[in-house]
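Line by line, the protein sequences give chains V and X.
Per our numbering, the very first residue in the first sequence carries number 1; after that it's consecutive.
Per our numbering, the very first residue in the second sequence carries number 1; after that it's consecutive.
Among the hints, erroneous ones may be present.
In silico BS3-like links for lysine-lysine, alpha-carbon gap of 27 Å or less [claimed, not checked]: (1) X/Lys85 / V/Lys260; (2) X/Lys221 / X/Lys127; (3) V/Lys41 / V/Lys11; (4) V/Lys165 / X/Lys85; (5) V/Lys168 / X/Lys127; (6) X/Lys23 / V/Lys165; (7) X/Lys20 / X/Lys85.
Note that these hints are calculated values from the structure, not bench results.
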Amino acid sequence: MKLAKTYAFLKKDLSLIEDALEVSVYADQEILNEASLQLLKAGGKRLRPVFVLLASKFGDYNLEKIKNVASSLELIHMASLVHDDVIDNSDLRRGKPTVKAKWDNQVAMLTGDYIFAKALQQFTEIEEPRAHQILSHTMIELTIGEIEQIKDKYKVDQNFRNYLKRIKRKTALLISSSCQLGAIVANTDNKSEKALFRYGYYMGMSYQIIDDILDFTASEKELGKPAGSDLINGNITLPVLYALEDPLIHKELTNLFSNKKQVTSDAIKPIISKIISSNAIEKAKKVSDMYLQKAYESLQLLPNNQAKESLENIANYIGNRKI
Amino acid sequence: MVSLMKYIEIIKYYEKLITKSIKQVYLQEHLKHPLIEIHKIVALNELIKSDKKQENLVLTTMLVQIALNTHDQIGNHFDERHSEKEQQLTVLAGDYYSGIYYHILASNNNLSFIRLLADGINEITQKKMHAYYNTYENIDIFLNDYELIEAKLISKVASYVNEKNAIPYISKWLMYKKLQYELVQINNDRKTFYQQLIIETVIGINGKKQLKNTLTYSLEKLDQDLSVMNKHQWSNTLEKDLDLYHISLLQKKGNMTLEEGLSK
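The shape of chain X in the complex, shown without the other chains (with noise of 0.2 Å):
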C-alpha cells in the first residue's frame, strides 16, 4: 500500500512536468493531450532513483517516448474520426516533443543522454518498420518483436545507469502492462493503433473477439512468465499486479480520494 501510494505521487508528479514541459497552446486546443504510460514513469524512477539527474532523464525519455507514440497515429489515411488539421497538427507534435527533448538536455549539457535517446529512437524506428510491414505466422512472434520496441528506451536507460539486469523482468512487466491496457480499450470498445496492427500483421485474427480472446492467452503467458522470475531482485519493486491505471483513472473522474483508491 505504502509503495502503491508513493507511485501515485511519483505519476502525478511527472505528469505535471510532463504537461508544463510540452505546453504549446494552439496543440492544445486542437489536440487531446498526449497518453501518458505511467507504468514506464514507474519503471524509469525506479531505475533512475540514485543518480542527481533523475528527474531530466525520466522527463526526457518519457517526451522521447511521448513524440514516437503521437507519430504512430499518423495513418495511411487520414482518420475519417479526426480532421486533416488535427492530423497535421499531429505530426507537428511529435516533432515538438522531440525538439523539446533535445532542448532540455542540451540546456543541461548533457550530450551522452541525448546520444543515448538518439540511438533508441534508431533502434526503434528500424524495429518498427520491420514490425509494421510484416506478417505475422502468430501471435507470439509479433509480441516478441513488440516487446523489444515497447521496452527500447527503457532498456538503453537500464544499460546508461548499469542495470542491464533489470531489462529482462522490466521487458517482460511492461508488455504484460502493455496489454492489460489494451484489453480495457477492448472492453470498452475503444479502438487503438497496437490492436489495428495486431489485425493488419498477425495472421488469423480478424475480428474483435478474436482479439480479446488472443490477448488474453498471450497475458495468461505473460504472467506465467512474470511469476517464474518472481525471484528476480525486480519483482519486488515493480509488483506484477500494481494496478496503477485503474487508480489514476478513477482519481481522474473524481470518483475517488487517493486514499479511498487505497483502501479499497
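Okay, chain V solo, but in the shape it has when bound (with noise of 0.2 Å):
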C-alpha cells in the first residue's frame, strides 16, 4: 500500500494546503523565488501537514485554521532542511540539486531565513499562546538536536541514550507537534490531545531509526544520495551503536575516523557490509517496532473514527518500509 493510500480522504485538503504553500513561498525577489519554489517541489511526503489534518479530526475540524498550521510546519520542515544541506555541504536531495548546489550557500541561507519567516508570519493568524509556545520550543529543541549531532560526530564510544535524545529533538519533536497542533487548533479534549502527542512521538521515534536503517539498506536511487551518508559524515546511528558492540567494527571504525581525511565513500564500503551482515539491522529494527507498539497503544486511547484508522495505517506503513 502507498502511504498516500493510507490518508486518501484528506486528498482535497492537502491538494489546498500544497496550494497554500506555494502562495505563502512565493518573493518578489526573483532568485528567492526561484530557490523557494525549487524547495517545495522537491516534494517530499508532506507528512506533518497529514499529522495536523488528522488530529484536527478529533475535534472541531475548522480547515481555514488548520490550514494555517499545517503550513507553517511545512514551512518550518522546508526552511530546516534548506539549511541542513548547508550544513552537511549535500548537492542532491531526493535525487534532485539541492538549493545550495543550484544556487550557493548564501542562497541557501536567505532562503531559510525568509522561508521560516514566512511559517511564523503565517502562525502567528492562529491566537492561541499554548500553540506558540509549544512551537517555539519545539524550534529551540530542533537546533539543539542538530548542534548535538555535530557534537557527537566521529565519536564511537556514545551510549544509546545520547542517540536517542538526540532523534527525539532532531525528529521526533516536529511530528509530535503536528500531532498536538493539530489538536489544539481543532479544540480536541485534554485526553486525545495527549494520545495525539505521544502517538506522534513515538511515530517520530520509530520513523527515524527505518530511516537510519535504510541508510545502510536502501540503494542510492531509493534513497536520492549516496548509501552510508551518516557515517561518510561521521553520524553515530542506532545501527551503528549496535555494530559497534563486535569489537572487530569497534576497532576499525576507531581507526577509520582517527584521522576524518580518510572517511571517503571506499574507505568506509567494507565497515558498512560488516555492519549490514551483523545483526545490527535486525536489532535496529527491534527498537523502532518497540516505538511503533507504542505509538498504537497510544492510538487505543482515541474514539474510533476514519482519521484513527489513517493514523494506524500510516504507523503500519512506516514499520512495514522495506529495509
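Now that you have both chains on their own, put them together as the hints suggest.
And the structure:
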C-alpha cells in the first residue's frame, strides 16, 4: 500500500494546503522565488501537514484555521532542510539538486530565513498562546538536536541514550508537535491531545530509526543520495551503535574515524558491509518496532473514526518500509 | 556627558541580557560571541522608551538582528580561516537565536510583535538577495539599498510604537555609524562581510585603498545629510558624534574606567 492511500480521504484538503504553500513561498525577488519554489517542488511526503489534519479530525475541523498550522509546520521543516544541506554540504536531496548546489550557500541561507519568517507570519494567525509556546520550544529543541549531532560526530564511544535524545529533538518532536498542534487548534479534549502527542512522538522515533537503517540497506536510487552517507558524515546511528558491540567493527571504525580525511566512500564500504551482515540492523528494527507498538497503544485512547484508522495505517506503512 | 554615561549603562545592560538569552555551551565553546550592534540597542531603547514591554522588545529585535548577521557569515566557499565545524555551527547558531526570539515573545504572548519581526525578516531577506546578486554602478546606489536593509527592523519597530517620523533620521544615523565602524575595521586590517560585499557588487571598487577612499567620501556625504537634519527631533537624542564603539571597546579592553572615558 502506498503511503498516500492511507489518508486518501484528505486528498482535497492536502491539495489546498499544497496551493497555500505555493502562495506562501512566493517572493517578489526572482532568485528567492525560484529557490523557494525549487525547494517546494522537490516534494516530500508532507507528513507534518498530514498529521496536523488527522489530529484535527478529533475535534472541530475548521480547515481555514488548520491550514495555517499545517502549512506553517511544513515551511519550518523546509527551512530546516535547506539549512541542513549547507551544514552537510549536500548536493542532492530526494535525487534533485539542493538549493545550495543549484545556487550557493548564501542563497540557501537567505531562502531558509525567508521561509522560516513566512512560517511565523502564517502561524501568528493562530491566536492560541500555548500553540506558540509549543512550536517555539520545538524549534529550539530541533536546533539543539542538530548541534548535538555535530558535537557527537565521529565519536565512536557514545551511548544509546544520546542517540535517542538526539533523534527525539531532531525528528520526533516536530512530528509530535504537529499532532499536538492539530489537536489544540481543533479544541480536542485533553485526553485526546495527550494521546495524539504521544502517538506523534513514538511515530517520529520509529520513523527516524527506520531512516537510519535505510541509510545502510537502501540503494542510492531509493535514497536520492549515496548510501551510507550518515556514516561517511560521522553520524553514529542506532545500527552503528549495535554493530559497535562487535570489538572488530569497533576497532576498525575507531581507526578510520581517528583521521577524518581518510573517511571516504571507498574506505567506509567494508565497514558498511560488516554492519549489514551483523545483527545490528535487526536489533535496530526491533527498537523501531517497540516505538511503533507504543504508537498503536496511544491510539487506543482515541475514539474510533476514519482519522484513527489512517493514523494506524501510517504506522503500519512506516513499520513495514522495506529495509 | 550625562547621556553618554546613560547609553553606556544601557548597552552594558542589554549586552548582558542578550548574552544570557543566547547562552548555549557548545556554541560558546566553538564560536566567537556574536557582534552586538550597540548603536541599534541605543536607537531601539530610545524608540521604545514609553512601552511597558521595552526590555523584551529591544531584546528580541536585537536577537533577530544577530541571527540574520550570523547567517551573513556563511560564505559561498567555506572560509579558510574557519573550520568546517565552525561554519556548520554558525548556521545553527543563527537558527538558534531565531528560535530564542520566538520563544521569548511566545512566552509573553506577544503575537503582534512576533508577526512584526517576521515581516521584517521577510523584507530583509528579499532586499539582501537583491543587493547580494546585483551589480551596482556606483556606491551611492548600493548605500541607498543597504540603508533599507540596515534600518529595516528598527523602522518596523518605529512604526509599531507610532514613531514613524523617526525613521529617516535613524536610518541615516545608523548608516553613518555603520560606515564609521567599517572604516575602523579597514584601518585595522580586519576584513568584514560588508567590505567583501561592496567589492563584489559595486563596479570600480577593487582593493582596500579604493574601498577606504569611497567609504570616507560616503561618510562625509552622510555627515552633510545628518547636518541638514539637525532640526530633526531625533538629532538631539541620537547625536551624530556619539562614539559608542570607541568607549565600549576601550572599556572592554580594560584600558580605562567608565569615568576616565567620559572625561576624555
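Now for the hints, and whether the structure bears them out:
Distance restraint check for X/Lys85 and V/Lys260: the Cα-Cα separation of roughly 12 Å lies within the 27 Å cut-off, and the hinted pair is therefore satisfied. A hinted pair counts as satisfied when its Cα atoms are at most 27 Å apart, and X/Lys221 with X/Lys127 qualifies at roughly 23 Å. Restraint check for V/Lys41 and V/Lys11: satisfied, since their Cα atoms lie roughly 18 Å apart, inside the 27 Å limit. In summary, the hint linking V/Lys165 to X/Lys85 is supported, as the alpha carbons are separated by about 21 Å, within the 27 Å threshold.
Between the alpha carbons of V/Lys168 and X/Lys127 the distance comes to roughly 36 Å, so the proposed pair goes past 27 Å and is violated. About 20 Å separates the Cα atoms of X/Lys23 and V/Lys165, which keeps this hinted pair within 27 Å; it holds. Of the pairs offered as hints, the one joining X/Lys20 and X/Lys85 holds, with about 23 Å between alpha carbons and a cut-off of 27 Å not exceeded.
Of the numbered hints given earlier, the model fails hint 5 alone.
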